[in-house]
Amino acid sequence: MTPPGTGRAATLAAAVRAGERSARQSVEDALTAAEAHNGELNVFLEVLADEARAQADAVDAAVAAGRDPGPLAGVPVALKDNLCTRGIPTTCGSRILDGWRPPYEATVVASLREAGAVVVGKTNMDEFAMGSSTENSAFGPTRNPLDTTKVPGGSSGGSAAAVAAGLAHLALGSDTGGSIRQPAALCGVVGMKPTYGRVSRYGLVAFASSLDQIGPFATTVEDAALLFDVLAGHDPMDSTSLPSAPEPTLPSLEEGAEGVRVGLCRSLVEGCAPDVAARVQQAADALSDAGAKVEEMSVPEFGYGLSAYYLIAPAEASSNLARYDGVRYGLRVGGDDVAAMNTATRTAGFGAEVKRRIMLGTYALSAGYYDAYYAQAQRVRTLVMRAFDRAYETVDVLLGATAPTTAFALGAKVNDPMAMYMNDVCTIPSNLSGHPAVSVPFGTGDDGLPVGVQVLAPALGEAMLFRVARVVEAHAPAGAPAAGGAA
Amino acid sequence: MSAPGPDPAAPVGREATHVTLSREDVVHVARLARLDLSDEEVELFTAQLRTVLDHAADVAALDLSHLEPSSHPIALDNVLRPDQPRPSLDRDEVLAAAPDVEDYRFRVPRIVGDAP
Chain A
1 MTPPGTGRAA TLAAAVRAGE RSARQSVEDA LTAAEAHNGE LNVFLEVLAD
51 EARAQADAVD AAVAAGRDPG PLAGVPVALK DNLCTRGIPT TCGSRILDGW
101 RPPYEATVVA SLREAGAVVV GKTNMDEFAM GSSTENSAFG PTRNPLDTTK
151 VPGGSSGGSA AAVAAGLAHL ALGSDTGGSI RQPAALCGVV GMKPTYGRVS
201 RYGLVAFASS LDQIGPFATT VEDAALLFDV LAGHDPMDST SLPSAPEPTL
251 PSLEEGAEGV RVGLCRSLVE GCAPDVAARV QQAADALSDA GAKVEEMSVP
301 EFGYGLSAYY LIAPAEASSN LARYDGVRYG LRVGGDDVAA MNTATRTAGF
351 GAEVKRRIML GTYALSAGYY DAYYAQAQRV RTLVMRAFDR AYETVDVLLG
401 ATAPTTAFAL GAKVNDPMAM YMNDVCTIPS NLSGHPAVSV PFGTGDDGLP
451 VGVQVLAPAL GEAMLFRVAR VVEAHAPAGA PAAGGAA
Chain B
1 MSAPGPDPAA PVGREATHVT LSREDVVHVA RLARLDLSDE EVELFTAQLR
51 TVLDHAADVA ALDLSHLEPS SHPIALDNVL RPDQPRPSLD RDEVLAAAPD
101 VEDYRFRVPR IVGDAP
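Which chain is which? The protein sequence lines are A and B, in order.
Residue numbers for the first sequence follow our numbering, so the first one is 1 and each next one is one higher.
Residue numbers for the second sequence follow our numbering, so the first one is 1 and each next one is one higher.
Please note that the accuracy of each hint is not assured.
To be verified - Each pair of labels, with its calculated beta carbon distance range: (1) A:Gly19 - B:Leu44: 58 to 66 angstroms; (2) B:Asp58 - A:Ala58: 26 to 34 angstroms; (3) B:Glu43 - A:Gly140: 42 to 50 angstroms; (4) A:Gly99 - B:Asp54: 37 to 45 angstroms; (5) A:Ala352 - B:Glu68: 33 to 41 angstroms; (6) B:Arg86 - A:Gly19: 51 to 59 angstroms.
Said to hold, decoys possible - A partial selection of chain B residues facing chain A, derived with a Cβ cut-off under 7 angstroms: (7) Val29; (8) Arg34; (9) Leu35; (10) Gln48; (11) Leu49; (12) Thr51; (13) His55; (14) Leu67; (15) Pro73; (16) Val79; (17) Pro82.
Just so you know, these hints were derived from the structure itself, not from any lab.
Cβ coordinates follow ideal geometry from the N, Cα and C atoms, glycine included.
Isolated chain A (complex conformation):
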């Protein structure tokens, strides 16, 4: 059982702010761990050793001068490589952006720096965040630190693995259909998708703009809440950013589950392996023991989410990825005229899964099929949103599985797109609705690998989400693999 106040990031930041530990030392430890393990795991596409040392020294200098460097003082953080870092390569796991140095910084990166965090590296990912295993990276797959024959999940597999392997205390990922929560589940760490619009997407390279959201990875719920509170807020640079002031989630984190109404959602468990389903039931029982009112419910509309998502997301992607044309940045492959150059560039620069999604989206949007596929999928989106609204009339949060199975073998699903897409069946509904959800490690499956339990909340329900997640975490069965062991 994890006692409160032991988040690795929270503890480190408190020690750095108090002058008891140096940011530089924490960064050196992270860099040493990266050096030792990155060759095997392929977590980082780029380790930012010089930048990290300089930033850590600035944090230590602030402490020495009596200034508060912020709530994440000296904490090593890993960034998914679809978050723009000014002057530092940002590849999105794609050949088409290999070597590109963004001329601007993502708002979340600026927020991290202002909070005193130290960015130690850019993490591997499925190309343009399209995938559930990090095998679709142009720079080779990331391996699961708990079993290197297994995938770490995806698309933010590098960020999840960085935290699980202890190469960073915290990490950022992006979640379009489960790309934070599913790898968090498979790597045994906490991963959370905030409400759509709560965290600025400025500087997140777009995949599916109505679904994308940036969120935290951490080893504990407390650390995830700490990082979320730093990221949340309005940003005038993102027109979909919510104007309301965010409510901090840390103050209510330890308020427990007494009287909280929890819906054990059968529709988010049914398709899962028995060992995963058993852990979800165990988490529901733990919440019940902690005083929550747990009721079983079914939301059959969630069953249509996967099909709708795999029309909507590719449709938006086909439009967003039209910008990779070889004109302004990234790869260019020559041709006799512009059209030939565009085609040669895209053909050479994109990998198979990205091409597949662009094709699917272009088809779903094309004349004669728009209404049957894209518009119909958008109506399903309305259906799912209304189903959530109905569920939240009687419960405060929903509980289900994050992923249908524990981590699967490298190569097992990479040639069967539909089998790969099924990984996202429990996470997609929250992307369609824009609601927050978090995956919390909860024991292991029959294979000894971690299981993630998912807590879902209505829009802007992050405080309640973390509060319930904290109770789930506190009752997680012993024997789960220790995350963050390497550093």
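With the hints as your guide, set chain B onto chain A.
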């Protein structure tokens, strides 16, 4: 096939889902998306995309005519800001990332001419 690609007169709504994605559809869509596919890729993508679209048939078959489509999770309003000058991206930094530049402009191969 003289006119590859989706028939613009294809029925919309639930009827259209009975159409099976053809090899010609894939070739046509690849051209629209500016992708050059090998014969093997066309074969593979035709089979794979059919599988995904077949899975979507359950959704396509639902009668949802009573529901409005949602393009977004939140109500989107136009967002305005005061029309005040502010710094833009650094020109040299932006141009430094371009594959080819001439006189502070992006240089590309010919756009018009006797190209097909």
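Going down the list of hints, with the structure as the test:
Between A:Gly19 and B:Leu44 the C-beta distance comes to about 60 angstroms, which sits within the given range of 58 to 66 angstroms. Distance hint check: the CB atoms of B:Asp58 and A:Ala58 are about 55 angstroms apart, inconsistent with the given range 26 to 34 angstroms. One distance hint, 42 to 50 angstroms for the beta-carbon pair B:Glu43 and A:Gly140, is violated here, with the actual separation near 26 angstroms. For the hinted restraint 37 to 45 angstroms between A:Gly99 and B:Asp54, the CB-CB distance of approximately 40 angstroms keeps it satisfied.
Taking 33 to 41 angstroms as the suggested C-beta distance range, the pair A:Ala352 and B:Glu68 conforms, at roughly 36 angstroms. For the hinted restraint 51 to 59 angstroms between B:Arg86 and A:Gly19, the CB-CB distance of approximately 38 angstroms leaves it violated. Nearest Cβ of chain A to the Cβ of B:Val29: about 5 angstroms, under the 7 angstroms cut. The hint holds. Hint status for B:Arg34: holds, given a least beta-carbon distance of 5 angstroms to chain A, under 7 angstroms.
At about 6 angstroms, the closest approach between the beta carbon of B:Leu35 and any beta carbon in chain A falls short of 7 angstroms, and the interface hint on this residue holds. Checking B:Gln48 against chain A: minimum C-beta separation of about 5 angstroms stays under 7 angstroms; hint holds. Nearest Cβ of chain A to the Cβ of B:Leu49: about 6 angstroms, under the 7 angstroms cut. The hint holds. Taking 7 angstroms as the C-beta contact cut-off toward chain A, the hint placing B:Thr51 at the interface holds, the least distance being around 5 angstroms.
Annotation: B:His55 was flagged as interfacial toward chain A, and the flag holds, the nearest CB pair being 6 angstroms apart, inside 7 angstroms. The interface hint given for B:Leu67 holds, since its Cβ lies 5 angstroms from the closest Cβ of chain A, which is under the 7 angstroms cut-off. The beta carbon of B:Pro73 is positioned within 7 angstroms of a beta carbon in chain A (closest approach about 2 angstroms), and the interface hint is therefore held. Hint on B:Val79 holds. Least Cβ distance to chain A is approximately 4 angstroms, under the 7 angstroms limit.
Given hint, B:Pro82 at the interface with chain A, is violated; its Cβ is 10 angstroms from that chain's nearest Cβ, farther than 7 angstroms.
Checked against the numbered hints above, the structure violates hints 2, 3, 6 and 17; every other hint is satisfied.
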